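Which chain is which? The protein sequence lines are A and B, in order. Under my numbering, the first residue of the first sequence is numbered 1, with each subsequent residue one higher. Under my numbering, the first residue of the second sequence is numbered 1001, with each subsequent residue one higher.
Treat the hints with caution; some may be incorrect.
For lysine-lysine, the following DSS-like pairs were computed, each having C-alpha atoms within a straight-line distance of at most 27 angstroms [as the list claims (entries may be wrong)]:
id	chain 1	residue 1	chain 2	residue 2
1	B	LYS1002	B	LYS1042
2	A	LYS64	B	LYS1002
3	B	LYS1042	A	LYS20
4	A	LYS64	A	LYS20
5	B	LYS1002	B	LYS1079
6	B	LYS1103	A	LYS64
7	B	LYS1042	A	LYS41
8	A	LYS41	A	LYS66
9	B	LYS1103	A	LYS66
10	B	LYS1002	A	LYS20
11	A	LYS66	B	LYS1079
12	B	LYS1042	A	LYS66
13	B	LYS1079	A	LYS55
14	A	LYS64	B	LYS1079
15	B	LYS1042	A	LYS14
16	B	LYS1079	A	LYS20
17	A	LYS14	A	LYS66
18	B	LYS1045	A	LYS14
In case anyone wonders, no lab produced these hints; they're calculated from the structure. In this text, all values refer to a predicted model and were calculated from it rather than measured experimentally.
Letter by letter, the chains look like this.
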Amino acid sequence: GAVVSQHPSRVICKSGTSVKIECRSLDFQATTMFWYRQFPKQSLMLMATSNEGSKATYEQGVEKDKFLINHASLTLSTLTVTSAHPEDSSFYICSAKRQGASYEQYFGPGTRLTVT
Amino acid sequence: RKEVEQDPGPFNVPEGATVAFNCTYSNSASQSFFWYRQDCRKEPKLLMSVYSSGNEDGRFTAQLNRASQYISLLIRDSKLSDSATYLCVVNGGSGYSTLTFGKGTMLLVSP
C-alpha cells in the first residue's frame, strides 16, 4: 500500500504556457499533500503544503499566483505552473501523508518539466 | 547555517566495504529523523527512520545524537545496488508535518 502517482512524468512546454501536474494517492486517503521542487544537484525544496478542502500553505519565496495548488479530494492534488519560464524547468515531486499518520510521507515518481 | 547538512561526496567504495555517512541538523526542535535513498532522476524512497536508541535494518544501521544534533548511517557489506544518493531528512520547516531534506551524499560502489 501507500502508492502515489504523478502525471505527466515528463513535459516540455513553451515559455508563457501553463502546465498542470496531478498527484494521486492510489490506495489511501491523504489529507495532506506536499509539493517539492528539485534542481540538479540540489536538495528537495518544499514549495507548499496542500490540505484537502482548504488553501495551500506556501513556503517563503514561492509565488502562490504562479504555482496554483488545488486539493479538491482526499486522493488528488494538482499543481499548475502558470506562465512558465525556462527558470521553472525542474523536477517537481509530490508526496502524500496518510490520514492520521504523523511524519511519514510517500513520494510520487516526479514530473520533469522543461520550459523552452 | 544550513538546516540539514551533509557531505555531498561522492564516496567511492569497493563491493563489500563498510561506509558511513554523517548529517547535522540545526533545528533542535526536530522530532523525527529519516534516511531516504534517491536514485538518479527518481523520487526519494524511505530507507529507514532513525530512533534515539539507534536502529538496525539488515546491513544498515542508523544512529541519532540529539545533544550534538547529529545523525549517521552505516552501510556494511556494500553492494553494487547500494549506489545512490542518501538523503538525511528531519521534520521541521513551517509545519508539524513538513520535512527538511539535506542535499544528499552520493555513494558509488564499484566491483
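Status of each hint after checking the structure:
1. A hinted pair counts as satisfied when its Cα atoms are at most 27 angstroms apart, and B:LYS1002 with B:LYS1042 qualifies at roughly 24 angstroms.
2. Taking the CA atoms of A:LYS64 and B:LYS1002, the gap is about 25 angstroms. The hint holds against a cut of 27 angstroms.
3. Between B:LYS1042 and A:LYS20, the direct Cα distance comes to roughly 20 angstroms. Compliance with the 27 angstroms bound is thereby established for this hinted pair.
4. At most 27 angstroms may separate the alpha-carbon atoms for a hinted pair to count; A:LYS64 and A:LYS20 meet this at roughly 14 angstroms.
5. Proximity of B:LYS1002 to B:LYS1079 is assessed by CA-CA distance (about 31 angstroms); at most 27 angstroms being required, the pair is judged violated.
6. With a C-alpha separation of about 25 angstroms, the suggested pairing of B:LYS1103 with A:LYS64 holds against the 27 angstroms cut-off.
7. The hinted pair formed by B:LYS1042 and A:LYS41 meets the criterion: a straight-line CA distance of about 13 angstroms does not exceed 27 angstroms.
8. Simply put, A:LYS41 and A:LYS66 have alpha-carbon atoms about 24 angstroms apart, close enough for the 27 angstroms limit, and the pair holds.
9. For the proposed pair B:LYS1103 and A:LYS66, the alpha carbon gap of about 25 angstroms is at most 27 angstroms, so the pair holds.
10. Simply put, B:LYS1002 and A:LYS20 have alpha-carbon atoms about 31 angstroms apart, too far for the 27 angstroms limit, and the pair is violated.
11. With a C-alpha separation of about 43 angstroms, the suggested pairing of A:LYS66 with B:LYS1079 is violated against the 27 angstroms cut-off.
12. Only pairs whose Cα atoms come within 27 angstroms are accepted, and B:LYS1042 paired with A:LYS66 is accepted, the gap being roughly 25 angstroms.
13. Annotation: proposed proximity of B:LYS1079 to A:LYS55 is violated, straight-line Cα distance about 45 angstroms (limit 27 angstroms).
14. For the proposed pair A:LYS64 and B:LYS1079, the alpha carbon gap of about 44 angstroms is over 27 angstroms, so the pair is violated.
15. As the CA atoms of B:LYS1042 and A:LYS14 are separated by approximately 24 angstroms, the hinted pair is consistent with the 27 angstroms bound.
16. Our distance criterion of 27 angstroms between C-alpha atoms is broken by B:LYS1079 and A:LYS20, whose separation comes to about 39 angstroms.
17. For the given pair, A:LYS14 sits about 16 angstroms from A:LYS66 by alpha-carbon distance, which is consistent with the 27 angstroms threshold.
18. Note on B:LYS1045 and A:LYS14: the hinted pairing is violated, with a Cα-Cα distance of about 31 angstroms set against a maximum of 27 angstroms.
Going down the numbered hints, you'll see the structure goes against 5, 10, 11, 13, 14, 16 and 18, while the others check out.
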